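Asks: Each chain, written out:
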Amino acid sequence: MARVNLVEVRDVSRRFRTPQGDVHALDSVSFDVREGEFLSILGPSGCGKSTLVMLIAGLLAPSAGAVAVAGTLVDRPQTRLGIVFQSPVLLAWRTALDNVLLQCEMRGRVTETQHARARELLDGTGLGGFEARYPHELSGGMRQRVSLCRALIHDPPLLLMDEPFGALDALTRDQLTLDLEVLRARSGTTVVFITHSITEAVFLSDRVLVMTPRPGRIDTVLEVDLPRPRRLAVREDPRFAAYTRRINDRFMAHGVLKERA
Amino acid sequence: MSRRLAPLLTLAALIIAWEVVVDALRVPEYLLPAPTGIVAALVGEWRMLAFHTWVTLYEILCGFALAIAVGVPLAMLIVASPPFERSVYPLLVASQSVPKIAIAPLLIFWAGIGIFPKILVAFAIAFFPVVIDTVAGLRSIEPEMLHLARSMGAGEGKIFLKIRFPSALPSIFAGVKVAVTLAVVGAVVGEFIQADQGLGYVLQQATAVLNTRLGFAAILILALIGIVLFVAVELFERWLTPWSAARRTELATGTL
Numbered sequence: 001m002a003r004v005n006l007v008e009v010r011d012v013s014r015r016f017r018t019p020q021g022d023v024h025a026l027d028s029v030s031f032d033v034r035e036g037e038f039l040s041i042l043g044p045s046g047c048g049k050s051t052l053v054m055l056i057a058g059l060l061a062p063s064a065g066a067v068a069v070a071g072t073l074v075d076r077p078q079t080r081l082g083i084v085f086q087s088p089v090l091l092a093w094r095t096a097l098d099n100v101l102l103q104c105e106m107r108g109r110v111t112e113t114q115h116a117r118a119r120e121l122l123d124g125t126g127l128g129g130f131e132a133r134y135p136h137e138l139s140g141g142m143r144q145r146v147s148l149c150r151a152l153i154h155d156p157p158l159l160l161m162d163e164p165f166g167a168l169d170a171l172t173r174d175q176l177t178l179d180l181e182v183l184r185a186r187s188g189t190t191v192v193f194i195t196h197s198i199t200e201a202v203f204l205s206d207r208v209l210v211m212t213p214r215p216g217r218i219d220t221v222l223e224v225d226l227p228r229p230r231r232l233a234v235r236e237d238p239r240f241a242a243y244t245r246r247i248n249d250r251f252m253a254h255g256v257l258k259e260r261a
Numbered sequence: 001m002s003r004r005l006a007p008l009l010t011l012a013a014l015i016i017a018w019e020v021v022v023d024a025l026r027v028p029e030y031l032l033p034a035p036t037g038i039v040a041a042l043v044g045e046w047r048m049l050a051f052h053t054w055v056t057l058y059e060i061l062c063g064f065a066l067a068i069a070v071g072v073p074l075a076m077l078i079v080a081s082p083p084f085e086r087s088v089y090p091l092l093v094a095s096q097s098v099p100k101i102a103i104a105p106l107l108i109f110w111a112g113i114g115i116f117p118k119i120l121v122a123f124a125i126a127f128f129p130v131v132i133d134t135v136a137g138l139r140s141i142e143p144e145m146l147h148l149a150r151s152m153g154a155g156e157g158k159i160f161l162k163i164r165f166p167s168a169l170p171s172i173f174a175g176v177k178v179a180v181t182l183a184v185v186g187a188v189v190g191e192f193i194q195a196d197q198g199l200g201y202v203l204q205q206a207t208a209v210l211n212t213r214l215g216f217a218a219i220l221i222l223a224l225i226g227i228v229l230f231v232a233v234e235l236f237e238r239w240l241t242p243w244s245a246a247r248r249t250e251l252a253t254g255t256l
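Same order as they appear, the protein sequences are chains C and H. Mapping of the first sequence onto my numbering: position 81 corresponds to residue 81, and the numbering continues sequentially without gaps. Mapping of the second sequence onto my numbering: position 16 corresponds to residue 16, and the numbering continues sequentially without gaps.
Excised from the complex, chain C in its bound form (with noise of 0.2 Å):
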């Protein structure tokens, strides 16, 4: 792994104003993301895990503190990175393949490489032969496995993904959780991952920042020690289930998670 921060969030803070008052969001946040690492960012709903994306790609401003990717502050919308969200946010007008190539589009114009490289990409999510598909011809896995491909088209060093299986079934969620592993392991890009799933978190990650309810803190940092590339079977290896317990015990502490007698 290399020792190169990608990311640097130091001493950031966040409120917002609303009719019923300001919230804060985050307090004081600081970490780094290293070059090449697999982040992800867990917390309960509320913590200021996607404020935290927002303010990471310069689409939001910290109200206090500062961002920098790759040793520059931002304080505009970054474009060397791909975003993933929640919702896939899929143009109904374009194809699959289109939609992928949305990305090079807005860029400037689209090239033969391209063109290439989103095919392959398509594939490799095993969305080969659903190029020509509008969004709507496709399932909920189908959709969001368009916007993972559209997030990498343009090989971005920094991928941020906020919930990206949120919405998705159990089953679903496996298969695109594997997915990204492989596919992750090909690029090697440095991925910021926002979730409320703790076996997600640690199935993917090389590190896990875990947030205390609002106003998000940083509680924990834990680092997964686990081989790779992973499969299914890592979940039931003990160290797996030592890090998720490790995981629970903190939302246990903050009252996250209760166990009701």
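Hints were generated in silico from the structure; no laboratory data involved. Fair warning: there could be bad hints in the mix.
Claimed, not checked - Below, a list of computed lysine to aspartate or glutamate pairs in the EDC-like style, where the Cα atoms sit at most 16 Å apart: (1) H:LYS177 / H:GLU142; (2) H:LYS162 / H:GLU142; (3) H:LYS162 / C:GLU37; (4) H:LYS162 / C:GLU105; (5) H:LYS158 / C:GLU105; (6) H:LYS177 / H:GLU237.
As the list claims (entries may be wrong) - Which bits of chain C does chain H cover? Going by a derived footprint, with three or more residues having C-beta under 8 Å, they are: (7) 91-98; (8) 220-234.
Just so you know, these numbers come straight off a predicted model, no measurement behind them. Yeah, the Cβ is synthetic: ideal placement off N, Cα and C, and Gly gets one too.
Given chain C, work out where chain H should sit, using these hints.
Replies: Just chain H now, with coordinates in the frame of chain C:
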């Protein structure tokens, strides 16, 4: 198929009942002509009616085109510029509480005689739904989509062209479909107030001399114009945005 057949059968039954009742009760023709009488007027006066139909159709189409040509850019401006929105949009909405038909005589009075003032009335009545629905359509875009577009380094122009405008099309068409029927109303109202040609003029002249058959013939033509224009817009919409129709069926049948 029966979904299309059922209303046609109902219509046929109503027309037959109309004919039978008028005949059985000996309703005077100047009060309510029988359907066969209306068709006779239509056939007998077809040359004269064709000319006036053309005049009214021309007014409708010009008013309708003007409503789109003004309504859509105005909506774009409202969405693009918050100061413009704050200063103009509330007034625009408030102005809709003034019944347009009530100011039609003034419009005619100001714009003079001829075809243009009728076009103006048709436009004035038709353009508001275009503005409202276009604004709603341009705004309805998912915020995540805009975030993505910005992360792709796209400028506002490109975002508008490739994302905002196409995704607003279903909503724009909803407004345009209302507008096309309102344009028919506008043109006829304009002709009622002052005209020497057009179907509204024919209708007024005919009823003034108790030629009710001819009046009904004019109404029938106006109804046909309204239906044909509406269907034409609908077909154009389906051709331009097939994905929207597909999504609607999907939502309706709940296969999401």
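Asks: Give a verdict on every hint.
Replies: Verification of the hints:
A hinted pair counts as satisfied when its Cα atoms are at most 16 Å apart, and LYS177 of chain H with GLU142 of chain H does not qualify at roughly 24 Å. As the CA atoms of LYS162 of chain H and GLU142 of chain H are separated by approximately 14 Å, the hinted pair is consistent with the 16 Å bound. As the CA atoms of LYS162 of chain H and GLU37 of chain C are separated by approximately 34 Å, the hinted pair breaks the 16 Å bound. Taking the CA atoms of LYS162 of chain H and GLU105 of chain C, the gap is near 9 Å; set against the 16 Å cutoff, the hint holds.
Only pairs whose Cα atoms come within 16 Å are accepted, and LYS158 of chain H paired with GLU105 of chain C is accepted, the gap being roughly 10 Å. Straight-line distance between C-alpha atoms of LYS177 of chain H and GLU237 of chain H comes to about 10 Å, which keeps the hinted pair within the 16 Å bound. A stretch counts as covered by a chain when three or more of its residues have a beta carbon under 8 Å from one of that chain; for the region 91-98 of chain C and chain H the count is 3, and the coverage holds. Given as covered by chain H, the region 220-234 of chain C fails the check, having 0 residues with a CB less than 8 Å from a CB of that chain where 3 are the minimum.
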